[in-house]
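Here the structure of chain A is known, so what remains is to put chain B in place on it, guided by the hints.
Residues per chain, in single letters:
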Amino acid sequence: MNSDDSSTSLRWRPSAFLLLGASIVLFGTGIAVRSPVPVLFAFPLLLAPICAGLFGPHASPLVRVDGRTDGSGRSVRVTALLTPEPPVRPESLEVFFRVPPGVVEAQPPRTEIEGPSLRVKLSWTVPDPTVMTVPTPEVLWRDPLGLVERTATLENTDLFVERYPPELHQAGAVRLRRTLALPGETRSRSVGESGEFFGIREASPGDPPRRINWRATARAGRRLANEYALDRTGDLLILLDTRPTALGPAVDGRLLAVSRGAAFGLAEAFLREKSRVGIAAYGEFLHAVPLATGRTQRVQLRNLLLHTEIAEIPGPAERCAVALRRYYPPNTTTVVLSPLASEEQLNLVSHVRRRGFPVVVLSPSYLPMMGRRAGLSEEDEELAVRFARLCRREEVARMWRDAPVVDWDDFWSLGGFVDFLRRPTARERGA
Amino acid sequence: MRIVIDRRFLARAFGPAYGVLVIAAIGLSLLTPLPLVVGVTLAVAGATLASLLRVLLPRRLRFLGLFPALVALGVFVADSPVGTIPELAGGVGGLALLLWCAEDPDRYPGGLVRGLAGLAVPAAVVGIALAGSLLLPSGVGSLGIAAGLLAVTVVAVALLLGAPRAFDRDPSATS
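Protein chains in written order, with our numbering: chain A, 1 to 431; chain B, 1001 to 1175.
Keep in mind that a hint or two might mislead.
Said to hold, decoys possible - A partial selection of chain A residues facing chain B, derived with a Cβ cut-off under 10 angstroms:
#, residue
1, Gly30
2, Leu54
3, Gln170
4, Pro244
Said to hold, decoys possible - Listed next, with one range per pair, are the computed distances between beta-carbon atoms:
#, chain 1, residue 1, chain 2, residue 2, range
5, A, Ala106, B, Ala1011, 18 to 28 angstroms
6, A, Gly415, B, Pro1109, 19 to 29 angstroms
7, B, Ile1023, A, Ala106, 19 to 29 angstroms
Stated by the list, open to error - A partial selection of chain A residues facing chain B, derived with a Cβ cut-off under 10 angstroms:
#, residue
8, Phe17
9, Ala22
10, Ser23
11, Ser35
12, Pro36
13, Val37
14, Pro38
15, Ala42
16, Pro44
17, Leu46
18, Ile50
19, Ala52
20, Val88
21, Ser92
22, Asp143
23, Phe160
Don't read these hints as lab results, they were simulated from the structure.
Please read these numbers as outputs of a predicted model, since none were measured by experiment.
Where is the CB? At the ideal position from N, CA and C, for every residue including glycine.
In isolation and in its complexed conformation, chain A is listed as follows (with noise of 0.2 angstroms):
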């Protein structure tokens, strides 16, 4: 809720300043011909601007905004309801939504009066996967002629856009490494089909009839269904490299913006299989929060995400290595997303490693950001193209040694990661 006394004060538009010289100036023209009419026709110019403020709002008018986002994919479409308090009509209302760096507006806003309140519907498109806050939008109260303004004060909540490719969905069923040691002490405060006993409840028509407790339903008369504790499946942290690299802030910024958009939907689908998730972004210091499970997690793990930047300086690789056995036990399975783009970055995975973390790299490639160069001909465009292939080819390959690499150049498909993670290791081979 924002109440700066000075933003909320009445304010003239520039048409109220304009009308005021015009009737000056028609004043003055009255009494040099000497005659009523240009007065009379400056009257109302006059004193529309000290009517409109005398008869609106006194103080910032109050507006409650409900919103929410709905869309898939890359469409975005964000639809706010705004209530003023009376007497304060909706149409009376502007509103500006400020659109997000990054995304494209695909149609412009649309505005309907719904009873007592003002419904506005945005349609964005973001091209790539990411999660941000939507701007708090600016409302302003304006007086029917339009010469008068106030900002009004708004009671809302966040509203968020989450977008990240969908085969993420399916990423939490895989099999994670646990780090405690006794599986029965990790159980989930969830219940459901399987696990350790947890209680009886009526049984429900889409029951199959192994859940239901025949004994217990003898007893009862009346049919009565097993209820499971849900055992977790282990730990995941996923670690973000936000160092800067030598291609620049606005890619640094892309990559780090696709970076968030995936770990949030890893976070998401392991959190849904009551995984212990943790998140850490290691730019000149590590910031991490530890491994929970819960939506309050979802939620802390989402604002660590939102705020986390890409850092000014880069820390050493040494550094979030150490850093990471402060919050996280050894053992615990690790997504590192990186752009692998400098030899600091590629060096941190080797650290993270030898600290005793299994690590798998998700690397969002920097070569479809990578813009046309000006001053090249077709043929050298081409070859600086190829040859800049050739150099992330080697960097993944050199990143195979440390640990396994899935070079992620299709920012809405990650089909391919899933699948290596479902992949069995070799311990459940049998080799």
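Showing chain B alone in chain A's frame:
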């Protein structure tokens, strides 16, 4: 080359208030000693150019659309003879211009109805001034009264422009 005019653009630029402004401007032009063709052309051109500018200019500069309409109407009122009908037409012209201001293309449609509510007080004051001038002997007497009222209003507006918080009212402790 075929020129296609977007209907939505036309609807945004030329709403009902544009029609009211054109009629008021033409009415004023007929009272002036200007030739009919010149007067009507100036009236229509001023209102049309104002409406077009308001749609075509960037959002921050749209208030400049007022200029052509103000200039056209200003020429007519400055050129009008002294009399009850021209005075009434002058007042109506000012109200029509305000109504046109209410029909901002960036705002929710229905500016004409919305604007009528905002015009109630200025229209009442113009009516009182006109009625007052009718009761006075013709000549410059009404001009003196109108000029006095206008001077007081100018001072009040100047003071209020410098202190916009004068319109604020703190909520009471028990509300």
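Contradicted hints - numbers only:
3, 4, 6, 7, 20 and 23
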